[in-house]
Amino acid sequence: MDERRPLATEPEADGRGAPADGEGRPVLEVRDLVKRYPGAEALNGVSLTLPRGTVLGLLGPNGSGKSTLLKSIAGLVHPDEGEVRVEGLPVGTATKARVAYLPEVDPYYRWMRVAQVLEWTATFYDDWEPDRAEELLQFMNLRRDQKVGGLSKGQRARLRLVVTLARNAPLLLLDEPLSGIDLASRARIIRGLIGQFRGGEQSLIISTHEVAEVEGFLERVVFLERGRIRLEGEAEALRVKHGSLQALFEEVFA
Amino acid sequence: MGGRGFTPRLDFTSTRPIYLQIVDEVRRAIARGELRPGDRLPSQRDLAVQARVNPNTVQRAYREMELLNMTETVRGEGTFVAQNPVLIRSLRAEMAQEALQQFLQEMRALGFDGSEIRALVDQALTGDGGGGASRG
Numbered sequence: 001m002d003e004r005r006p007l008a009t010e011p012e013a014d015g016r017g018a019p020a021d022g023e024g025r026p027v028l029e030v031r032d033l034v035k036r037y038p039g040a041e042a043l044n045g046v047s048l049t050l051p052r053g054t055v056l057g058l059l060g061p062n063g064s065g066k067s068t069l070l071k072s073i074a075g076l077v078h079p080d081e082g083e084v085r086v087e088g089l090p091v092g093t094a095t096k097a098r099v100a101y102l103p104e105v106d107p108y109y110r111w112m113r114v115a116q117v118l119e120w121t122a123t124f125y126d127d128w129e130p131d132r133a134e135e136l137l138q139f140m141n142l143r144r145d146q147k148v149g150g151l152s153k154g155q156r157a158r159l160r161l162v163v164t165l166a167r168n169a170p171l172l173l174l175d176e177p178l179s180g181i182d183l184a185s186r187a188r189i190i191r192g193l194i195g196q197f198r199g200g201e202q203s204l205i206i207s208t209h210e211v212a213e214v215e216g217f218l219e220r221v222v223f224l225e226r227g228r229i230r231l232e233g234e235a236e237a238l239r240v241k242h243g244s245l246q247a248l249f250e251e252v253f254a
Numbered sequence: 001m002g003g004r005g006f007t008p009r010l011d012f013t014s015t016r017p018i019y020l021q022i023v024d025e026v027r028r029a030i031a032r033g034e035l036r037p038g039d040r041l042p043s044q045r046d047l048a049v050q051a052r053v054n055p056n057t058v059q060r061a062y063r064e065m066e067l068l069n070m071t072e073t074v075r076g077e078g079t080f081v082a083q084n085p086v087l088i089r090s091l092r093a094e095m096a097q098e099a100l101q102q103f104l105q106e107m108r109a110l111g112f113d114g115s116e117i118r119a120l121v122d123q124a125l126t127g128d129g130g131g132g133a134s135r136g
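Protein sequences appear in the order of chains W and P. For the first sequence, our numbering gives the first residue as 1, with consecutive numbering after it. For the second sequence, our numbering gives the first residue as 1, with consecutive numbering after it.
Any given hint could be a false lead.
Stated by the list, open to error - Residues of chain W clear of chain P, computed beta-carbon distances all greater than 10 Å:
(1) 82
(2) 123
(3) 145
(4) 146
What the hints assert, rightly or not - With the Cβ distance kept under 8 Å, some of the chain W side facing chain P (calculated, not the full set):
(5) 55
(6) 225
(7) 228
(8) 243
To be verified - Covered stretches of chain W, as calculated for chain P (at least 3 residues, CB under 8 Å):
(9) 191 to 202
(10) 215 to 224
(11) 229 to 240
Bear in mind the hints are in silico, worked out from the structure with no lab data behind them. C-beta: ideal position from N, C-alpha, C; glycine also.
Go ahead and model the full structure; you've got the sequences and the hints to work with.
Written out as structure tokens, the structure is:
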């Protein structure tokens, strides 16, 4: 059962260093990515292309390389081999301004208040939209005067999402935004995401092993296993064939 | 009930494409009178958020309903259930057929033949469908 399609990752001979604003150009190109950690290989030759405006689910069990792949795209991990391009540019300072990355673990200080987290983050990014942050804060049921240290796990996850979605970045990377979070917060996070996501101009990769939660939202899926792409395809086509992505996930990783 | 609160019930474990499930749900709501001609449907974004599906999927469903003449979109105002008297009649007839076929299929699978099914239906309709009926 191999649904992989030929990947259109080969750059045209004259395509190197092409300007970043090419409309038809995929927002993300990953080629032959390898990352080794002492004693383990986190990524073992991953290639994928993300067309602009797509919602991609990066699915796989724990330890399959999802986080390493997202961190490589965000520029937080340096791969040993291969190449990542965001809007045609190699990962670096320029691409960091184009990528909004939601980490799996909280990066905020416990003594900070929600308002300080927002102000602090806003100073790093030119694409920060204060009005949008405010709207998201309300939707996510968070108050500006709450202290990070006093927030529940679900509330902290919602805060991370507020901070990520308040940026008008062309590429959003969400690393396990639903992991270990109560049902009510999960529903709110998914709804907030769908409500704020700017399809067309914005592209999104969401890594998760909670497949059922995002079943209706994904357009493409990549199944990752031990650092390799096991299966890749159109979400709706796979659903029609296998019943649900959840069922397929269980089948693939049984 | 106005159309704005309409939320389709979707089954993500079904092999039926999600956009068609949305169309099915609207058809059902129109046939049952839960959505009336002229009722405004939720905005595509609101429906996507409520049903937790991709906005593109909703867009596809709305386009499909437009093609089927179930809805009319007024620019800047929204999408409305079509003012089309034939629509409700034909949707009701269509859905009655579906329900009937499903029922017959189930009864035949249980081993009842035509006359037995007819008798059981008559009995149920006259209200004395108490436990007297037995097979064979």
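Right, here's what the structure says about each hint:
Look at residue 82 of chain W: its CB is around 30 Å from the nearest CB on chain P, clear of 10 Å, so calling it non-interface holds up. With 10 Å as the threshold on Cβ separation, the claim that residue 123 of chain W sits away from chain P holds: the shortest Cβ distance comes to roughly 30 Å. With 10 Å as the threshold on Cβ separation, the claim that residue 145 of chain W sits away from chain P holds: the shortest Cβ distance comes to roughly 27 Å. The beta carbon of residue 146 of chain W sits about 24 Å from the closest Cβ of chain P, which is more than 10 Å, so the claim that it is off the interface holds.
This hint holds: residue 55 of chain W has a C-beta 6 Å from the nearest C-beta of chain P, less than the 8 Å allowed. Among the interface hints, the one on residue 225 of chain W is violated; its C-beta lies about 23 Å from the nearest C-beta in chain P, farther than the 8 Å criterion. The criterion of a C-beta within 8 Å of any C-beta in chain P is not met by residue 228 of chain W, whose closest approach is roughly 27 Å, and the hint is violated. For residue 243 of chain W, the shortest C-beta to C-beta distance to chain P is roughly 5 Å, which falls under 8 Å, so the interface hint holds.
Given as covered by chain P, the region 191 to 202 of chain W passes the check, having 5 residues with a CB less than 8 Å from a CB of that chain where 3 are the minimum. Counting residues of the region 215 to 224 of chain W whose CB lies closer than 8 Å to any CB of chain P gives 5, which reaches the minimum of 3, so the coverage claim holds. Residue count for the region 229 to 240 of chain W with a Cβ under 8 Å from a Cβ of chain P: 3. That meets the three needed, and the coverage hint holds.
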